[in-house]
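**Student:** So the chains spell out like this:
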Amino acid sequence: MPNETVLTMRGISKQFPGVKALNNVDFTLRKGEIHALMGENGAGKSTLIKVLTGVYGKDAGVIWIDGSEGEAHIHSPQDAQNIGIATVYQEITLCPNLTVAENMYIGRGNGLLVKQKDYEKKAGELLANLNIPARPKQQLASCSLAVQQMVAIARAVDMNCKVLILDEPTSSLDDKEVQMLFTLMRDLKSRGVGIIFVTHFLEQVYEVSDRITVLRNGELVGEYVVEDLPQVQLVAKMMGKDLDELNSMSEFSQKAAVSDEVTYKAEHLSSEASKPFDFQIHKGEVNGFTGLLGSGRSESVRAIFGADRVTGGKVKVNGKDVHITKPYEAMKNGIGYLPEDRKRDGIIADLSVRENIILALQVMKGFFKPLSRADMEKFADEYIKALSIKTASKDTPVGSLSGGNQQKVILARWLLTHPDYLILDEPTRGIDVGTKLEIQKLVLKLAEENVSVTFISSEIEEMLRTCSRLIVMRDRNIVGELTGDQLTQKQVMKTIAGGEAS
Amino acid sequence: MTVQNSSLNQKRREPLTDTQLLMTITICIFFVMYILAMLLLGGGFLRAQQIFDLLNDNAPLIIVACGLTVVMIGGGIDISVGGVTSLVVMSCVLYLNNSGNMFVSMLLALGIGLAFGLVHGLLVSYLEIQPFIVTLAGMFFARGMTTILSVNPQKLAHEGVNALRAVKIEIPWLGYVAKNGNLIPARMELGVIVALLCVIVIFLLLKFGRTGRNFYALGGNQQSALMLGINVKRTRFTSYVISGLLSGIAGYVFMMHTGAGNATNAAGAEMNAIASSIIGGTLLTGGVGNIIGTFFGTLTLTTIKKIVVTSGLNDPWWQSITTGAMLMFFIVLQSVVLSRRGKVKTSRNVKE
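One line per chain: the protein sequences are A and B, in this order. Counting from 0, one number per residue, gives the positions in the first sequence under numbering that gives the first Met the number 0. Counting from 0, one number per residue, gives the positions in the second sequence under numbering that gives the first Met the number 0.
Since the hints were derived computationally from the structure, they do not count as laboratory data. Some hints here could point you the wrong way.
To be verified - Below, a list of computed lysine to aspartate or glutamate pairs in the EDC-like style, where the Cα atoms sit at most 16 Å apart:
no.: 1; chain 1: A; residue 1: Lys264; chain 2: A; residue 2: Asp320
no.: 2; chain 1: A; residue 1: Lys175; chain 2: A; residue 2: Asp474
no.: 3; chain 1: A; residue 1: Lys49; chain 2: A; residue 2: Glu90
no.: 4; chain 1: A; residue 1: Lys236; chain 2: A; residue 2: Asp431
no.: 5; chain 1: B; residue 1: Lys206; chain 2: A; residue 2: Asp117
no.: 6; chain 1: B; residue 1: Lys206; chain 2: A; residue 2: Glu119
Go ahead and model the full structure; you've got the sequences and the hints to work with.
**Tutor:** Laid out in structure tokens, this is it:
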């Protein structure tokens with residue numbers, strides 16, 4: 000039974016204009032296993048998933064699904080649903096304006112009428128069965144993101160799916176919510192559902208997965224049983240190189256020396272989203288805000304940048320009293336902010352790489368003094384090269400770049416303004432390991448050049464590597480400040496948890 | 000957070016959904032307004048006939064507003080409804096005056112409406128053209144066709160239909176006693192029955208129909224609707240067909256009410272219908288709306304106009320000004336209410 004396959008994909012190829020996204024890829028999923036699909040950005044994970052769910056057609060290859068005769072033909076998401084492939088995407092693909100029960104049953108069946116009462120009853124039973132804390136009649140928008148995701152999973156379960164694809168399900172959840180999700184995943188596994196788990200979090204892979212399939216540059220690297228593949232090797236396989244790069248991080252671990260000059264100082268700063276807090280950062284210092292999702296770390300830096308309405312407090316930049324209430328004023332004072340939500344607050348997807356890069360500088364100069372075309376080209380070329388942004392040309396719309404490269408474009412945008420103080424909110428979220436390292440290195444390099452940097456990341460390890468001071472937040476309050484020897488994972492966890500043993 | 004409150008207390012009453020909340024607000028405001036009018040203005044407002052007059056005069060508006068609500072819930076817009084209504088009136092009057100058949104004239108009305116709905120639906124859903132542009136073109140086309148058919152007003156001269164026009168439903172117990180001692184019963188036109196039927200049918204469709212629920216899903220999030228396995232294109236197509244069909248019906252009811260075709264018939268009906276839907280709690284962004292709300296929205300809008308006239312402000316601009324103010328008031332009210340709800344429900348830190 001455990002080795003009974005439920006999904007077999009053989010020789011899948013997919014060509015996009017100019018790119019071979021998938022080249023002869025095999026994938027096998029067994030009944031009742033959690034199978035992690037790993038790879039850097041652009042490795043072909045998303046393409047493989049989209050081929051499987053009928054969003055893209057495949058150029059070559061065959062797909063077999065357990066229970067259906069012969070080759071499976073999947074031409075649309077509906078086809079995929081009908082043969083038992085269900086997908087839960089990173090972005091919630093449910094309707095926020097409908098009730099939980101409706102979201103579980105809409106789009107299924109063919110009758111002229113819908114049986115709302117039946118739905119609510121069945122939904123109630125299933126939600127209770129799966130321990131999902133949602134009420135059937137509740138409007139979906141009133142559930143937390145984690146619960147919404149679980150509702151999407153419940154929908155898939157109710158459709159008797161054989162294959163459940165979870166595409167980056169944990170990236171917007173906090174630890175507790177992730178654990179809830181994992182419990183649910185294990186429960187489904189014991190019911191014989193095959194789960195494809197796509198994620199960037201290595202620890203999570205090792206926590207729940209049975210097997211790992213690694214893709215690189217559209218090709219299959221291999222399929223491994225989790226126990227046989229230590230984490231370092233997995234990273235090496237994903238990146239396709241030896242661990243040199245990874246090890247070379249250690250030489251960066253001596254953090255930049257901090258000068259006494261205070262770049263930015265806030266007293267009792269508060270915004271409509273954050274409680275008053277005190278904060279200061281020295282020249283050339285890299286510090287970090289850490290805490291669980293929702294602890295107020297993003298809200299605090301948004302207040303510094305004036306991204307939320309500032310409600311009070313005193314701010315000094317380079318020793319001078321200033322008044323920052325909106326992002327423009329922050330920029331004028333040499334503060335740059337790379338937002339957490341890249342797609343919404345960061346890139347302007349339809350503009351070219353060049354236009355996205357010069358945006359902040361142009362705003363600071365004012366729109367009546369446009370940069371010359373030659374300057375724009377020069378800046379764009381310079382930063383595309385400096386940050387090794389992978390783009391077809393500087394006129395490519397930024398939306399068509401991979402996540403990591405989009406992030407680099409936004410970084411370039413701020414670097415071009417030569418800020419004294421740069422705030423990076425989750426710059427490494429959802430991007431591949433290689434780019435993550437590059438960004439970490441860049442942060443340290445900036446610090447050497449006397450730029451103050453605030454670095455926020457969900458991965459504590461990453462912050463320990465780059466930051467010389469960590470500010471720990473819990474429930475929207477600063478609960479600790481760690482420096483020097485205190486910078487250990489254990490100590491951070493302890494402080495976050497509030498002194499309880501971790 | 001919801002995570003902690005996992006006690007699945009089934010008996011607990013769910014908070015109103017956005018749709019229900021907005022509708023409730025509208026209904027309350029309508030009644031408060033009407034009661035105030037009864038107390039302060041008295042006169043006609045104390046008689047039941049006042050309500051029936053409102054319905055008699057505005058049955059076509061109620062019908063087109065129903066169609067528009069359907070389209071708006073699906074996240075679209077249809078501004079051709081007034082034009083189509085007017086084209087239907089003119090076509091039917093001309094056809095009937097040329098010794099046409101009453102039954103065929105009804106089919107003609109439905110046919111014209113359906114044709115517009117089909118074309119709009121096709122262009123919007125399958126060729127993915129902006130609905131505003133498509134229906135704007137439809138509106139100009141319909142208005143133009145009406146003028147081509149006849150520049151001059153045409154009086155309906157078909158005996159059968161005129162006889163039907165004269166039929167009024169009398170409700171004696173809602174009547175009043177005139178000064179000379181005669182009982183004058185409340186009168187309702189047949190068109191009102193049609194309008195109420197439309198309201199009921201659309202209500203049932205939106206509440207219990209598979210297609211109806213799909214409209215909400217489509218308006219809520221198109222991408223999600225697609226991923227949930229809904230045929231997005233067909234659903235959107237259907238919404239425009241329904242709107243077109245209802246414009247056809249509205250045209251016939253309009254003709255029954257006025258008994259004449261005129262190139263300026265139902266002028267601005269699309270804007271009044273949009274206003275009615277919005278006042279009734281439909282959001283232009285889609286996914287939220289309710290046909291009962293729209294019904295009361297229409298009544299609210301028309302009552303306001305009546306109140307303005309009754310207060311002695313007879314100049315036509317007063318109606319426009321109050322309509323505008325009313326609409327603004329409702330939109331602001333809705334956005335304040337919804338954003339306050341949003342703040343209570345989802346705390347700022349839950350990011351997408």
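**Student:** All the hints need checking, so say for each whether the structure fits it.
**Tutor:** For each hint, the structure was consulted:
1. Restraint check for Lys264 (chain A) and Asp320 (chain A): satisfied, since their Cα atoms lie roughly 9 Å apart, inside the 16 Å limit.
2. A C-alpha spacing of about 14 Å is found between Lys175 (chain A) and Asp474 (chain A), which places the hinted pair at or below 16 Å, so the restraint holds.
3. Annotation: proposed proximity of Lys49 (chain A) to Glu90 (chain A) holds, straight-line Cα distance about 15 Å (limit 16 Å).
4. Of the pairs offered as hints, the one joining Lys236 (chain A) and Asp431 (chain A) holds, with about 13 Å between alpha carbons and a cut-off of 16 Å not exceeded.
5. Using a Cα cut-off of 16 Å, the hinted pair Lys206 (chain B) and Asp117 (chain A) holds, with the two alpha carbons roughly 14 Å apart.
6. Taken as a hint, the Lys206 (chain B) and Glu119 (chain A) pair is honoured in the structure, with Cα atoms around 14 Å apart against an allowance of 16 Å.
Hint violations for this structure: none, all hints satisfied.
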